[in-house]
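Peer 1: Now for the letters of each chain:
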Amino acid sequence: MKKVFITTTTFLLFTFYFLLFAISANAQSLSLAISPPLLEVMIQPGKSITQVYKLSNPGEIDLAMTSKVLPFSPQGERGEIAINNQPSAINNQFLSWFSFQNANLALGDKFLLKAGGEQEVVLKLRVPENAPEDDYYATLLFETLPSPFSGESGAQAQAKIGTNLLLTVSRDGRPPRKVEIIEFKVLKIIDSFDRPHFLLRLKNTGRSFLKPMGIITITGWFEQKYILELLPENILVNSLRQIQCQSEDNPQPCRINSKFLLGRYQVKAEFGLDQLSEDYLAETTFFALPIKLILGLVIIAAIFWIVRFKLVIDKSLF
Amino acid sequence: MKVNWLLPIIFILLFSLAAKPVLAQSSVSSDNYEITWPNVNMGAGLPTSSSYKMGVTTGQNAPGLYTSTGYKIRAGFQYIHSIIPFRFSISDISIAFGTLTVGTPKTENNILTVSFGAAGGYQVTAQENKPLTSGAGKKILDTECDATDCDETSAGVWSQNTTYGFGFNMTNISGNDVPTDFVDSTYYRQFADISAPEPAQVVMSSPNVGKDRKAMVTYKINVSTTQEAGTYGNIITFIATPSY
Numbered sequence: 013m014k015k016v017f018i019t020t021t022t023f024l025l026f027t028f029y030f031l032l033f034a035i036s037a038n039a040q041s042l043s044l045a046i047s048p049p050l051l052e053v054m055i056q057p058g059k060s061i062t063q064v065y066k067l068s069n070p071g072e073i074d075l076a077m078t079s080k081v082l083p084f085s086p087q088g089e090r091g092e093i094a095i096n097n098q099p100s101a102i103n104n105q106f107l108s109w110f111s112f113q114n115a116n117l118a119l120g121d122k123f124l125l126k127a128g129g130e131q132e133v134v135l136k137l138r139v140p141e142n143a144p145e146d147d148y149y150a151t152l153l154f155e156t157l158p159s160p161f162s163g164e165s166g167a168q169a170q171a172k173i174g175t176n177l178l179l180t181v182s183r184d185g186r187p188p189r190k191v192e193i194i195e196f197k198v199l200k201i202i203d204s205f206d207r208p209h210f211l212l213r214l215k216n217t218g219r220s221f222l223k224p225m226g227i228i229t230i231t232g233w234f235e236q237k238y239i240l241e242l243l244p245e246n247i248l249v250n251s252l253r254q255i256q257c258q259s260e261d262n263p264q265p266c267r268i269n270s271k272f273l274l275g276r277y278q279v280k281a282e283f284g285l286d287q288l289s290e291d292y293l294a295e296t297t298f299f300a301l302p303i304k305l306i307l308g309l310v311i312i313a314a315i316f317w318i319v320r321f322k323l324v325i326d327k328s329l330f
Numbered sequence: 003m004k005v006n007w008l009l010p011i012i013f014i015l016l017f018s019l020a021a022k023p024v025l026a027q028s029s030v031s032s033d034n035y036e037i038t039w040p041n042v043n044m045g046a047g048l049p050t051s052s053s054y055k056m057g058v059t060t061g062q063n064a065p066g067l068y069t070s071t072g073y074k075i076r077a078g079f080q081y082i083h084s085i086i087p088f089r090f091s092i093s094d095i096s097i098a099f100g101t102l103t104v105g106t107p108k109t110e111n112n113i114l115t116v117s118f119g120a121a122g123g124y125q126v127t128a129q130e131n132k133p134l135t136s137g138a139g140k141k142i143l144d145t146e147c148d149a150t151d152c153d154e155t156s157a158g159v160w161s162q163n164t165t166y167g168f169g170f171n172m173t174n175i176s177g178n179d180v181p182t183d184f185v186d187s188t189y190y191r192q193f194a195d196i197s198a199p200e201p202a203q204v205v206m207s208s209p210n211v212g213k214d215r216k217a218m219v220t221y222k223i224n225v226s227t228t229q230e231a232g233t234y235g236n237i238i239t240f241i242a243t244p245s246y
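Note that the protein sequences, when read in sequence, are chains A and B. According to our numbering, the first sequence is numbered sequentially starting from 13. According to our numbering, the second sequence is numbered sequentially starting from 3.
Errors might be hidden in some of the hints.
[To be verified] Covered stretches of chain A (chain B as the covering partner; in silico rule of three or more C-beta atoms under 8 Å from a C-beta of chain B): (1) 64–78; (2) 93–99; (3) 164–170; (4) 203–211.
Note that these hints are calculated values from the structure, not bench results. Beta carbons are placed, not taken as given, at the ideal position from N, Cα and C, and that holds for glycine.
One chain only, chain A, in its complex shape (with noise of 0.2 Å):
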């Protein structure tokens, strides 16, 4: 009797350990971060400067790691880019102005970035004595190194994270800054009860990238003011980018935060190139006019209209 307790005692323990302990067969996940996103410079020839970035690994698993700088031009309106993995030699020399300034860590060496660990990384870029006025444009990479095949058919995931670097060298700090408004727009008619938007494309046509600063304001026939403060977004040089808005620090579309509109709306976007400024304008007007409003009238009346007749029909019929 007494063994069958201790026995059954014992099974018990150990089904209970299991069940509480036991590891269960994850997927293997992989996390990276990096800070800081991006880094804006403005450099003389012939100087150099460094940036610290800490790449982390905040995922499960030992990550095998490697790092390369290559060049990106930009790409649609909003910021994308394209890097280019075979830049040529000629065009991209300035890659070979980068390096890593660790002790025990060259750029493009392979590194293990452990499980809830982080790599501090010093770029370290020296700007030629003869290097063009010009700007610049790379993207920092990390990537991980694919694990061995299993045995059976599949594919291996791969993850590489960056952060950009925008590059002006200049002589003198002051390289042309120049846009073009493309457009801006918005709805002619809208109705009151809508929240406008109001679409700001501007192309660089500028020798340096630079962020617009500034405002968009919108005056009703009441004199009555709404104010959307300009997102001071980079726009590379010879390339577009529809502008957005903030507000608390968030970038958002540029619409107007209000629950209802009547008249015509003068806007008006003032902005500079890297301070506030007036020395860009561009301007439009809409109309907004209650068209749901009169219209669920128009409806309401002619739900009224078509009772009441056929009350009188049914009155005269009796």
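Got chain A; can you put chain B on it based on the hints?
Peer 2: Frame of chain A, contents of chain B only:
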């Protein structure tokens, strides 16, 4: 007398051994902190130069300072007043299809997650190093979908068991960041093939990022009777980059 002479030596030795070395500050320890614009946001460390060692403020506002220092630096996004790390995760890096049966499609999936606080936009692009290839060099070609209308840039319907190849679908889990040509879960694309060479294609993107934007990748494979037996594999690379 002897004790008096020994005491200072012992103290000096103790201090030498116990004192922590004074190191130059190579980084700022906090992940998120606020440095008010227009000063420079230096998220992960302080910049230095061969001729200067700087604090967190460079001379962007003082007209003569650029000529003196020779550079200006800004790290992070101007408008968010803090530096939030850009984070990218893949839920499963091994996509194993097991044993394949002719005319019986198999699917596997994993989840891509991007976090970027309230900062600017991002994109995730994808490409394969080559079509699924066996050790003998035989290939499972990328699918062209039911109506031979899909490639690496546009999705098409793939629902028939008589359509063969390898492709993928993207489905939003949180956010609305998947390309619009993935109309529903029956729409598939080919991966851009580096060996072709085809440029990486965007599979997730947004001009505004919040926390944990998620999308599911569904990998689909179907083989025909003419496909040679073997173990086929390739590498799918996901490249996550913040916007500028």
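Peer 1: Against this structure, judge whether each hint is valid.
Peer 2: Hint by hint, here is what the structure shows:
no.: 1; hint: 64–78; verdict: holds (count 6)
no.: 2; hint: 93–99; verdict: holds (count 5)
no.: 3; hint: 164–170; verdict: holds (count 7)
no.: 4; hint: 203–211; verdict: violated (count 0)
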